[in-house]
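Chemist: Chains P, B and G, in that order, give the protein sequences.
As numbered in our numbering, residues 134 to 479 make up the first sequence, in order.
As numbered in our numbering, residues 134 to 479 make up the second sequence, in order.
As numbered in our numbering, residues 134 to 479 make up the third sequence, in order.
Hints may contain errors.
Any copy will do: because identical chains look the same in the list, a pair fits if it lies in one copy or spans two.
Under the rule of at most 30 Å between Cα atoms (straight-line distance), these lysine-lysine pairs were calculated in the BS3-like manner [said to hold, decoys possible]: (1) K220 with K192; (2) K329 with K220; (3) K137 with K456; (4) K329 with K192; (5) K456 with K192; (6) K395 with K329; (7) K329 with K137; (8) K456 with K395; (9) K137 with K192; (10) K329 with K456.
It is worth saying that the hints were derived from the structure and are not from the lab.
Remember, predicted model here, so these are calculated numbers, not experimental data.
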Amino acid sequence: METKPPPWTLAEVAALIGGRLVSGGDFSVRRLVPADSDDPNGLAFVEGESYLRRAEASKVGALLVGDGISSAKPHVQVDSPRRAFRKLTDACRREPRLNPGVHPSAVVDPSAQLHPSARIGPFAVVESGASVGARSRVCAFAYIGDDCRVGEDCLIYPHAVLVQDVRLGDRVIVHAGAVLGADGFGFEWDGTGQRKIAQVGGVVVGNDAEIGALSAVDRATVGDTLLGDGVKLDNLVQIAHNVRIGAHSVIASQVGIAGSTKLGERVVMGGQAGASDHLDIASDVAIAGRGGVVRDLDAPGAYLGMPALPAAQARRAMVAYTKLPELRERIRELERRIAELEQRGE
Amino acid sequence: METKPPPWTLAEVAALIGGRLVSGGDFSVRRLVPADSDDPNGLAFVEGESYLRRAEASKVGALLVGDGISSAKPHVQVDSPRRAFRKLTDACRREPRLNPGVHPSAVVDPSAQLHPSARIGPFAVVESGASVGARSRVCAFAYIGDDCRVGEDCLIYPHAVLVQDVRLGDRVIVHAGAVLGADGFGFEWDGTGQRKIAQVGGVVVGNDAEIGALSAVDRATVGDTLLGDGVKLDNLVQIAHNVRIGAHSVIASQVGIAGSTKLGERVVMGGQAGASDHLDIASDVAIAGRGGVVRDLDAPGAYLGMPALPAAQARRAMVAYTKLPELRERIRELERRIAELEQRGE
Amino acid sequence: METKPPPWTLAEVAALIGGRLVSGGDFSVRRLVPADSDDPNGLAFVEGESYLRRAEASKVGALLVGDGISSAKPHVQVDSPRRAFRKLTDACRREPRLNPGVHPSAVVDPSAQLHPSARIGPFAVVESGASVGARSRVCAFAYIGDDCRVGEDCLIYPHAVLVQDVRLGDRVIVHAGAVLGADGFGFEWDGTGQRKIAQVGGVVVGNDAEIGALSAVDRATVGDTLLGDGVKLDNLVQIAHNVRIGAHSVIASQVGIAGSTKLGERVVMGGQAGASDHLDIASDVAIAGRGGVVRDLDAPGAYLGMPALPAAQARRAMVAYTKLPELRERIRELERRIAELEQRGE
Chain P
134 METKPPPWTL
144 AEVAALIGGR
154 LVSGGDFSVR
164 RLVPADSDDP
174 NGLAFVEGES
184 YLRRAEASKV
194 GALLVGDGIS
204 SAKPHVQVDS
214 PRRAFRKLTD
224 ACRREPRLNP
234 GVHPSAVVDP
244 SAQLHPSARI
254 GPFAVVESGA
264 SVGARSRVCA
274 FAYIGDDCRV
284 GEDCLIYPHA
294 VLVQDVRLGD
304 RVIVHAGAVL
314 GADGFGFEWD
324 GTGQRKIAQV
334 GGVVVGNDAE
344 IGALSAVDRA
354 TVGDTLLGDG
364 VKLDNLVQIA
374 HNVRIGAHSV
384 IASQVGIAGS
394 TKLGERVVMG
404 GQAGASDHLD
414 IASDVAIAGR
424 GGVVRDLDAP
434 GAYLGMPALP
444 AAQARRAMVA
454 YTKLPELRER
464 IRELERRIAE
474 LEQRGE
Chain B
134 METKPPPWTL
144 AEVAALIGGR
154 LVSGGDFSVR
164 RLVPADSDDP
174 NGLAFVEGES
184 YLRRAEASKV
194 GALLVGDGIS
204 SAKPHVQVDS
214 PRRAFRKLTD
224 ACRREPRLNP
234 GVHPSAVVDP
244 SAQLHPSARI
254 GPFAVVESGA
264 SVGARSRVCA
274 FAYIGDDCRV
284 GEDCLIYPHA
294 VLVQDVRLGD
304 RVIVHAGAVL
314 GADGFGFEWD
324 GTGQRKIAQV
334 GGVVVGNDAE
344 IGALSAVDRA
354 TVGDTLLGDG
364 VKLDNLVQIA
374 HNVRIGAHSV
384 IASQVGIAGS
394 TKLGERVVMG
404 GQAGASDHLD
414 IASDVAIAGR
424 GGVVRDLDAP
434 GAYLGMPALP
444 AAQARRAMVA
454 YTKLPELRER
464 IRELERRIAE
474 LEQRGE
Chain G
134 METKPPPWTL
144 AEVAALIGGR
154 LVSGGDFSVR
164 RLVPADSDDP
174 NGLAFVEGES
184 YLRRAEASKV
194 GALLVGDGIS
204 SAKPHVQVDS
214 PRRAFRKLTD
224 ACRREPRLNP
234 GVHPSAVVDP
244 SAQLHPSARI
254 GPFAVVESGA
264 SVGARSRVCA
274 FAYIGDDCRV
284 GEDCLIYPHA
294 VLVQDVRLGD
304 RVIVHAGAVL
314 GADGFGFEWD
324 GTGQRKIAQV
334 GGVVVGNDAE
344 IGALSAVDRA
354 TVGDTLLGDG
364 VKLDNLVQIA
374 HNVRIGAHSV
384 IASQVGIAGS
394 TKLGERVVMG
404 GQAGASDHLD
414 IASDVAIAGR
424 GGVVRDLDAP
434 GAYLGMPALP
444 AAQARRAMVA
454 YTKLPELRER
464 IRELERRIAE
474 LEQRGE
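Isolated chain P, as found in the complex (with noise of 0.2 Å):
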């Protein structure tokens, strides 16, 4: 469903979720906020009592709240305020606005296939080889190299990179910046020099995906590095080649995993954490933020720290760790005390 985008009456707004207009119909909603925001033409939601305090400590003008919650405030009452503010922040959404068509300033290589409905901004270049599917948006200075292929209803942010022999499947959201198929890191020492395993495979990306700003997705020595359906990257991740990454996993930013680990399906991977090269990572593993995987995790369940160890253990080798010192200070006084025991007993 389309919906016009802000400003909204707030009775517009109880229309638009199916909710209850408790008070102040004509509020003029310019925009959607967090619940300690200022901003006196802003709704936000408020879900249980925390929410309710700052909202009301704030200068926020108007409210959307769960059934039987009231505030000075006009406000809607709605079953589900979190499930209803998502309704609306989904019609505010404003992707890059692209012309139909291709832009008079893109380069396209007579031998790239574009869709009729597929759109390609200013300064977009498109390599020989390459393809972009229907209502495929490619934007400003994007550059889909050599044989690349974008499926259909893909989004290429502006600078986003395909370097060579990238193939994403369709509903795939690249964000600016972001590199996929650049060379894998691979060298060999000759004696005299690092010389240069040429990296020929690579990258396939499955439908649904998403890779964030600034990420690199190397493309493989030989075969694909490879992104299952439903993954998602955020911002500065590190995929090396032949990497493999099983559907619906969610890697944190700056998350680097080493050449040709596997993870399962499902496997989430909090910020900064990493994993070594030549792993296999079980499917529903979660690594908390900064975990360092370092041999292969068989079993699905929650792993923290660097080593990762499963949460419990390493939570207590943590805890223990900050308590270190403490720990020292009572072996020295055993040792005292001890030595004293000894004493006594000759």
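Got chain P; can you put chains B and G on it based on the hints?
Modeler: Below, chains B and G without anything else, positioned relative to chain P:
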């Protein structure tokens, strides 16, 4: 004060910085160099004994020294060599050259507002509703997206990207390849896949802020991600959606700050440090490199380690950590001695 | 030797690599693949038993095996399958295609010096005083800033940025999105804010170096940031101002090296490792992934952990760390037993 760039005679240098020429007034300074440089046409500054030793051992051509220090090399004496040297480096600064006006290759939307004194470089794109203030420079390949605002006297380096709804104050510098305003990383499992939570907020950057090369500052889910006045980000930094960073904070390279975390003023974070989401970090906190903040930090001061602890405590834990094998050995020894005592007592 | 790219018959493969065709000379090799690929048109190499098992269990079409190994699949025997396979991957390498000369859309300053055999791609920018040497290729969207020098036979991938005063040797590869020559991160608190310290030095890169995608190498404050001959940087690496890296060093992804630190030759740093500022790291040091160097390392050898310790010591500490809760338990038990002994003695 605009000063002509090198070459300078050493006599000119003395005049520029108000120093006392001791020897070599005709010496031609081609460039500024560190004290251990072997550049015979270079000028280095010397502060203290170790600098002097390095400078005397190197082939550097001329020196800027403190009062009372002398050298066989051509040199100028000055009260504070470091401060005087800064004046000279300022004079050497050459920002990317841009001709006045809009480069003919740039693509500017008719609805964009460019101040007549703004300069727009080759292949720059300025989208609908965007504005660029007086004397600001937008370099080659920069992308100023829909409804973005660039204040006065800003410098947007080549390949910087402002995706959408990014508002910069005055005198802001955005380095090459930085991406501001990409979508925050928000998804919700809907039973079959990760459903995208629309990210419709903005990014607000205060006056005199600086964003390093290849850093990412995500737009808020709703409301704004906020960098205060004078905030400095180094390269490859990740600032997630709805983060707020107080004025004059300094964030070194490869730091990651997760969603909705709030930093006070003058916070310092060393390289590769990180902070989890939804935390509060007080003003005047300093996190050492690689430090990992996992809970609120209410007190100003230095923190260290993962998890980040007050520096003194963390240092003790770290020292104890490096001696862990020895501690184990001591425990083993205690167990042996106690067993002996117990046996004796039976 | 220039070899035609695939498809090849297996007989052609045998001839190319000087191997012995055992079976399937007419088999058509479409691409090179890993041993566990299910590509029926793929050729994989097999080295040792585990490779062979994987290859036999997969649907891969044909194999390159060691002398004396045989298979039911079409295969070629050769002395060193790995080395022979390298020859084939070399033959598959296709660098971005650029037509001879300067693309009509490129913007080249009249003062720039381009060798007649250099190739400049669409939307490339070459600024004043810059030069590009013989046979070098500057791809789409690359930015060669003021007074930058690109040597001979270099390959500058799309979206690479040389900001200013960057000098590359010969045969240097700069991958997509890398930024060389951005300002180093230098500020000074002036009582009211962070005052920028002008960064006016350069970046010097030796011959045969390679800079990964989205890596940042900052210009020096004064003097030069230096990457020696044959240095290889992976993706998303941070090299701060005035760092010096000795020849043939290999720096994996997401490593950060802070200001003025000096690495000897053949130093290896694993993924996400880091080094503090102003350190000296000896030649032939190897830092494991995530290792954090916080003091000078004078002796060659392997280092591990945060802080980075000699590998054997670090491994013992890491093992002890994972057993910390158990150590605490043992200390508690010792305390109980001693208390009992003490009581008994009273």
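Chemist: It remains to establish, for every hint, whether it holds in the given structure.
Modeler: Hints, verified against the model:
Taking the closest pair of Cα atoms, K220 and K192 come within 30 Å of each other only inside a single copy of the chain (23 Å); across copies the shortest separation is 47 Å, beyond that limit. In this assembly of identical chains, K329 and K220 lie within 30 Å of each other by CA distance solely across copies; the values are 12 Å between and 51 Å within a copy. Proximity of K137 to K456 under the C-alpha cut-off of 30 Å is found in neither arrangement, the shortest distances being 57 Å within a copy and 59 Å between copies. Taking CA atoms no more than 30 Å apart as the test, K329 paired with K192 passes between copies only; the shortest distance there is 29 Å, against 60 Å inside one copy.
For the homomeric pair K456 and K192, neither the shortest alpha-carbon distance inside one copy (44 Å) nor that between copies (52 Å) is at most 30 Å. In this assembly of identical chains, K395 and K329 lie within 30 Å of each other by CA distance both inside one copy and across copies; the values are 24 Å within and 25 Å between. Proximity of K329 and K137 under a CA criterion of 30 Å is satisfied inter-copy only: 19 Å between copies versus 54 Å inside one chain copy. Taking CA atoms no more than 30 Å apart as the test, K456 paired with K395 passes between copies only; the shortest distance there is 28 Å, against 36 Å inside one copy.
For the identical chains of this complex, K137 and K192 are intra-copy neighbours only, at 26 Å inside a copy versus 52 Å across copies, given an alpha-carbon limit of 30 Å. Proximity of K329 to K456 under the C-alpha cut-off of 30 Å is found in neither arrangement, the shortest distances being 47 Å within a copy and 41 Å between copies.
The structure shown violates the earlier hints numbered 3, 5 and 10.
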